[in-house]
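Trainee: These protein sequence lines are chains A and B, in that order.
The first sequence begins at 2 in the working numbering and counts up one residue at a time.
The second sequence begins at 434 in the working numbering and counts up one residue at a time.
You may find that some hints are simply not true.
Derived pair list, reagent style DSBU-like, types lysine-lysine, alpha-carbon separation capped at 30 Å [to be verified]:
| hint | chain 1 | residue 1 | chain 2 | residue 2 |
| --- | --- | --- | --- | --- |
| 1 | A | 291 | B | 705 |
| 2 | B | 520 | A | 291 |
| 3 | A | 203 | A | 291 |
| 4 | B | 483 | B | 553 |
| 5 | B | 705 | B | 552 |
| 6 | B | 553 | B | 520 |
| 7 | A | 291 | B | 516 |
| 8 | A | 291 | B | 661 |
| 9 | B | 516 | B | 483 |
| 10 | B | 665 | A | 291 |
Covered stretches of chain B, as calculated for chain A (at least 3 residues, CB under 8 Å) [unchecked claim]:
| hint | segment |
| --- | --- |
| 11 | 449–463 |
| 12 | 591–603 |
| 13 | 624–634 |
Keep in mind the hints are simulated off the structure, nothing from the lab.
Yeah, the Cβ is synthetic: ideal placement off N, Cα and C, and Gly gets one too.
Below are the chains, spelled out letter by letter.
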Amino acid sequence: MDAEYYKLSAENAAGLFERARADYDVVAKTRDANGNLVYGRPVSFEDVAFVDEQPPMSAKAFALPQNETLVRYERGGGEIRAETPEAPARDLLLFGVNVCDAAAFDIIDRVFQWDYLDDPYLARRERTTQLALACTALQRDCFCNRISYAEDGVDAVAYPREGHYLVKIQTDNGRRLVERYRNLFAEADGDPETEITSFLEKAGTAKREPLLETAQSGLAGAFEHADWEILASTCIGCGICTYTCPTCHCFDIQDEGGYVGGRRLRTWDHCTGRTFTAMPAHQPRDRQYKRYRQRLLHKFWYYPERFGPVLCTGCGRCITHCPVKINIKELVEYFGGLSDAPPGGRRHAP
Amino acid sequence: MRRPAADAMPPDTEHIYEPRLLRVTGLAEETPTTTTFQLAFEDGPRPDFKCGQFGEFGLYGAGEATFCLASPPHWEGLEITVKEVGKVTRALHNLNEGDQITFRGPYGNWFPYEELKGKKLLFIGGGIGQAPLRGLLWTCLENRGDFEQLDLIYAAREECELVYERELVDFEGRDDMGVTLALDPVCPGEPIPGWRGRTSFVPPILEEERPSPENRVVITCGPPIMIKLVAKTLIETLGYDPAQIWTTLEMRMKCGLGKCGRCNIGSTYVCKDGPVFTYEQVLAFPQEF
C-alpha cells in the first residue's frame, strides 16, 4: 500500500492509549519496580516511557517467547495424553516501541513462514500491530543509519513533532488501527515526507553510506580470513548478544518435567554456545571464533542471501551488552571490505 | 510456502511441532550400544516417505533427537537405528515393546531414485552410517532390474560395531550384488582372527578394486573423516566427478523444518535443502563441515 500520513495530537495519543487498552493487549516502554526500562504493560498513559533509550531486552519475546510450551503431556494407565496450548486470545499493540524493535518482526517473519508455516509464532504475529516511535537522536552504540532495513514492514511509525506526532501508516494493519480510532487522527498537512526526511537528518538516523548490507559479497570471500581467529576469539560464548537481539531467532526444543507429566517447550538458544552444534562424534564449530563467525555471517551473509534483508536492525544492543566489547558493526565493516582499518582499540585486543 | 503433507501430521494437529505417537512393535539389538526400533502408526496411516529422509523422534520427558528413516518405504511401518550416545538415545534404549515414542516427519530431501536408474551403484557405508543407506539399498534390491550393477562396501571400527549383521549375511549370499566387508586395521596388514572380511580402511580398498567412474554413482555415509577420504580417493585417484558422489550429512537439528537455525552450512539448511547432497554441493559450502 502507499503510505498514509496523519497527525496525532499529544492529548489524543493519551486517548489512543486508553481506548486501545480496551481492545488490545498493549505493550509499551515503562519502568519496572526498580526503575529499569522494560517492555511491559503499563496501566496508565503516565506510566509509558517516551524515551529514545531501548529496554535491554527487545520486543521479540511478544512473538517468540523465551520459553513457550509446544505440548503438555501426561502418562497414566499405560497411555500418553498430549495437548497443545491455546492460541493467544487478544490482539497485541506494540505502542511506542523503538523502530528497530518493531522492524525486526518483518525480518524474522521470513524464516518463520518460508516453506513450513511456524504456527505458534505466526498465531501471535498475525495478532500484532506496531505503532513505533521514532528516536530523536542516535544512541551511543546503535547504527540503524547504516542498515536500510525494512522500515516498510513496520505498521505505523510516529515521529514526535511540536505538540503532536506525525504518524506514517505503512501497512494494512496500520491502516486498520487508524480506522478503528479515526476520530483521534487528523489528516497531515504540508509535505509529510519532506518533514520526515528532515527529522531523520536532525536525529542522525537518516541512512548513511556505506550501508552494511553492501558487506555481503565481501563477507562471502572472507570466510577463511585469518583475522577471525584473532578478532573473534575474545568472545566468551555467553550469548547475551543473541538474547538481547531483536532478530536472533534460533531456538532449542527441550522437555521439562518427568515421566508422569510435563511439557515440551521451545526456548531461545544461541549459536555462540559450545553445545549448539555439538554432536556425539562431531563438532563442526569446534573453536569459539567459529561460533562467533557463524553469528555474524548468518546475519550479514546467509540470511540476506536466503531471505533478502540482513538479520540486523542496527539496535546496537549486542555492542552495549557484550562483556568483552565485541563490536559487530566494526567487524562487518572490516571483514566485508567496507573499511581497511582493523577494528581498533582495546575492544579487539587478542 | 506450504503446510506439511496432511498425512504427516496427527489427524487433529494444532501446529507443526506437535508430534504423532508411534508404538514400538519390535526391537533388534544391532550392537551392544545400537538398537533398531520397529515402529507402527496407530493414530492414522503412515505418511509417505522417500529414502534418505529423516524424522524427529523422542520420548516425552527426555526430548527429541534426529534419526534417519532406516527402512525402505515398501516395508510395513518404520524403522530407526539408534546408537546410545546421549540423553534421548539412552531413554529410547530403555524402552520395551509396546511403549510409545513421539515422531515428527518425514523431513528433508531424498536420494534421487529416478536419476539413479540404469546406473551402477556403489554403496559405501561406515559404522552407523549404514542406517541412512539401508532404505535405498533395500529399495534397489527390490527393483534390482533398474540397475546395471549393485555393490556394497561396508566398514566399521570393530566387528561388534557392524549393524544389520543378519542382513549382511543375506547380502553375502546373493549373486546379484557385490559385498565387501571391512574392519579398521589395528595393526596394518595383520588379519583379525576369526574375521571373514577384509582388514582395511575404505580408501585402500577403492585404490585396489578401482571401480571405474563410467556410468557409476557412489552413495556414501559414515563418519565425516571417512566421507572426506572416500571422496578424495574417488575424485583424485579414480577420476570421479564430484557430482557422481552422493552423501547424506549429519548436523545437529532441533526443528527439522528450517526454523531453528542450527543445522546451517552457509545459507544451506541441511534439514530442508538436505540431508542428501552431491559431493559437488558439499565442496561448494563454506568449509565448515
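Trainee: Look at each hint and say if it fits the structure.
Mentor: Results for each hint:
1. For a cut-off of 30 Å, the pair hint linking residue 291/A to residue 705/B stands: about 23 Å separates their Cα positions.
2. Among the hinted pairs, residue 520/B with residue 291/A is consistent with the structure: their alpha-carbon atoms are about 26 Å apart, no more than 30 Å.
3. Restraint check for residue 203/A and residue 291/A: not satisfied, since their Cα atoms lie roughly 39 Å apart, outside the 30 Å limit.
4. In summary, the hint linking residue 483/B to residue 553/B is supported, as the alpha carbons are separated by about 20 Å, within the 30 Å threshold.
5. With a C-alpha separation of about 27 Å, the suggested pair residue 705/B and residue 552/B falls inside the 30 Å cut-off, and the hint holds.
6. A hinted pair counts as satisfied when its Cα atoms are at most 30 Å apart, and residue 553/B with residue 520/B does not qualify at roughly 40 Å.
7. For the proposed pair residue 291/A and residue 516/B, the alpha carbon gap of about 28 Å is at most 30 Å, so the pair holds.
8. For a cut-off of 30 Å, the pair hint linking residue 291/A to residue 661/B stands: about 20 Å separates their Cα positions.
9. Restraint check for residue 516/B and residue 483/B: satisfied, since their Cα atoms lie roughly 22 Å apart, inside the 30 Å limit.
10. Our distance criterion of 30 Å between C-alpha atoms is met by residue 665/B and residue 291/A, whose separation comes to about 25 Å.
11. Using a Cβ-Cβ cut-off of 8 Å, 5 residues of the segment 449–463 of chain B lie near chain A, which meets the minimum of three, so the contact claim holds.
12. Requiring three or more residues with a Cβ within less than 8 Å of a Cβ of chain A, the coverage given for the segment 591–603 of chain B is violated, as only 0 such residues are present.
13. Taking a C-beta to C-beta cut-off of 8 Å, the segment 624–634 of chain B contributes 0 residues in contact with chain A, too few for the three needed, and the coverage statement is violated.
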